[in-house]
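Just need the whole structure built from these sequences, with the hints factored in.
The chain contents come next:
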Amino acid sequence: MLLIHCPYCDETLPEAEFVYAGEAHIARPEDPSTYDDEAWRDFLFIRTNARGRHFERWRHTHGCGRFFNAVRDTVSDRFLLTYRAGEPRPSDAELEELAK
Amino acid sequence: MTRFSALSLLKNALSGHKNWPEQWPEAQPKKSYDVIIIGAGGHGLGAAYYLAKEHGITNVAVIEKGWLGGGNTGRNTTIIRSNYLYDESARLYDHAVDLWDGLSQELNYNVMFSQRGVMMLAHNVHDVQSSQRHIHSNRLNGVDNQWLTPEEAKEFCPPLNISPNARYPVLGAALQKRAGTARHDAVAWGYARAASKLGVDIIQNCPVTSIRRGANGAVEGVETAKGFIGAKKIAVSAAGNTSVVMESAGVRLPLESYPLQALVSEPVKPVFPCVVMSNTVHAYISQSDKGELVIGSGTDQYTSYSQRGGLPLIEHTVAAICEIFPMFNRMRMLRKWGGIVDVTPDRSAILGKTPVPGLYVNCGWGTGGFKATPGAAHVLAWTVAKDEPHPINAPFTLERFRTGRLIDEAAAAAVAH
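Same order as they appear, the protein sequences are chains A and B.
Just so it is clear: in the first sequence, position 84 is 84 by our numbering, and no numbers are missing.
Just so it is clear: in the second sequence, position 99 is 99 by our numbering, and no numbers are missing.
In case anyone wonders, no lab produced these hints; they're calculated from the structure.
Quick caveat, the model's predicted, so the values are computed rather than measured.
Certain hints may be false.
[Said to hold, decoys possible] Below, in silico cross-link-like pairs of lysine to any residue (SDA-like), each with a Cα-Cα straight-line distance of 20 Å or less:
1. B:Lys177 x B:Thr149
2. B:Lys353 x A:Ile46
3. B:Lys336 x A:Met1
4. B:Lys353 x A:Gly22
5. B:Lys65 x A:Asp42
6. B:Lys290 x B:Tyr109
7. B:Lys336 x A:Gly52
8. B:Lys65 x A:Met1
9. B:Lys11 x B:Gln23
10. B:Lys290 x B:Thr149
11. B:Lys353 x A:Phe45
12. B:Lys65 x A:Arg51
13. B:Lys336 x A:Asp77
14. B:Lys353 x A:Glu38
15. B:Lys65 x A:Val75
16. B:Lys65 x A:Ala50
17. B:Lys336 x A:Val75
Encoded structure:
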């Protein structure tokens, strides 16, 4: 059972309260009309699928209902950090510090 | 290499089964090969076997990061069926069932293919309608599938509770009689032994760290824990780790890797004659020849490479089984495990050429790769040997995610595989 920290409720709660919502920091196209088929493929379908540190979205469905971002190691399933939607992606240096 | 027969069994029985020779030799990598296959699961080993047998290409190595058959080949629920909705899928999976039939004889290795039937339950009006649509579509494609009334379903599978008062009443079922199960380890071992006999090197405990490409863009070989190994052609068949390996060749794939868990009970006497799946209640169950109940359902919700998965999913799976078969609610579970499955957006495989010359990929089987083993291996070998896809795997391109020509089995197959 994963224990996940909701950055809005400021509580660490069991996985069953949350729904996974895919890779984080994928920006919607600002001007979709300029997108060709390859750009659409990359936006819609291509994912990092990181083996190791992964930036991902979760939703606190059975709590505040809000989306937030998380950094998780996909080999150990250990969460490094969760942060509110809209906050900038943490830098490698910050994450290295947390991983210690 | 000893040919297995009643005579060789008798001969070895006389010496207490202590003098059986090894089934295939431990191979060390040569400097280079005509073809390198990354991943020694059923798909990779099978492809090596068909390359050697049907295309005369025997200078082949299968490279495996762990031990042979230790990935998803040994981590599934061994279900084999071909009742997929779309024409492309039906052809691919039915090709596999055709090859499963007779595989034991072909490999001289008992893969224990048991056509005990796979029954998919319908619990509500939507299930009945979508099951019947599947059946009609399958029959138009020459794939066997038939509709059973609740009474007929009960006759085929006596443990089924068809009382209208059940929590999830059974309104009928779709039955594929040619479908069934096989012994998954034996599939990997059988292909390994047969391929090795034809000259294929199987190199275990040798992780591939990257794929090396030359100045012209074509593949040159692989960097491994045992050094560089040259290759004219490379086929990647690495399931959940495919996107990591392919990224080293500069190819990004529409894949996400999820844990798919399964569990078995302690062994009991024969109580369960076939495979039963329920997409609505969301679980599937069969009984192995050892007597264990083999149980599975869907993937965990988050991507992971941990080969473990979480307990909430196991709880859900076991709850679903107890809802459908209350008689199992006191069965004790023996062990559970997870495999890392690579899932595509349309839940269909990617099997064919890539933008890199000499690089081929067989991936994206998601939660349903085991059943396809011989078929996927057979057409992958064809694609590598001829540098063009077999008509059966031609629609399963990487290109389809650009053109939009998807094979959307996500909606068609619901959840159970």
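For each hint, the structure was consulted:
1. A C-alpha spacing of about 15 Å is found between Lys177 of chain B and Thr149 of chain B, which places the hinted pair at or below 20 Å, so the restraint holds.
2. Taking the CA atoms of Lys353 of chain B and Ile46 of chain A, the gap is about 17 Å. The hint holds against a cut of 20 Å.
3. At roughly 15 Å between alpha-carbon atoms, Lys336 of chain B and Met1 of chain A fall within 20 Å of each other, so this suggested pair holds.
4. Of the supplied pair hints, the one linking Lys353 of chain B and Gly22 of chain A is violated, its CA atoms being roughly 28 Å apart against a limit of 20 Å.
5. Taking the CA atoms of Lys65 of chain B and Asp42 of chain A, the gap is near 29 Å; set against the 20 Å cutoff, the hint is violated.
6. For the given pair, Lys290 of chain B sits about 18 Å from Tyr109 of chain B by alpha-carbon distance, which is consistent with the 20 Å threshold.
7. Straight-line distance between C-alpha atoms of Lys336 of chain B and Gly52 of chain A comes to about 24 Å, which puts the hinted pair past the 20 Å bound.
8. Of the supplied pair hints, the one linking Lys65 of chain B and Met1 of chain A is violated, its CA atoms being roughly 28 Å apart against a limit of 20 Å.
9. Pair hint Lys11 of chain B plus Gln23 of chain B holds up; C-alpha atoms about 17 Å apart against a cutoff of 20 Å.
10. A threshold of 20 Å between alpha carbons decides the hint, and for Lys290 of chain B with Thr149 of chain B the separation of about 30 Å lies outside it, so the pair is violated.
11. Between the alpha carbons of Lys353 of chain B and Phe45 of chain A the distance comes to roughly 18 Å, so the proposed pair stays at or under 20 Å and holds.
12. A threshold of 20 Å between alpha carbons decides the hint, and for Lys65 of chain B with Arg51 of chain A the separation of about 15 Å falls inside it, so the pair holds.
13. In summary, the hint linking Lys336 of chain B to Asp77 of chain A is supported, as the alpha carbons are separated by about 18 Å, within the 20 Å threshold.
14. Restraint check for Lys353 of chain B and Glu38 of chain A: the C-alpha separation of about 17 Å stays at or below 20 Å, so the hint holds.
15. With a C-alpha separation of about 16 Å, the suggested pairing of Lys65 of chain B with Val75 of chain A holds against the 20 Å cut-off.
16. At roughly 18 Å between alpha-carbon atoms, Lys65 of chain B and Ala50 of chain A fall within 20 Å of each other, so this suggested pair holds.
17. Between Lys336 of chain B and Val75 of chain A, the direct Cα distance comes to roughly 18 Å. Compliance with the 20 Å bound is thereby established for this hinted pair.
Hints 4, 5, 7, 8 and 10, counting from the list given before, are not met by this structure.
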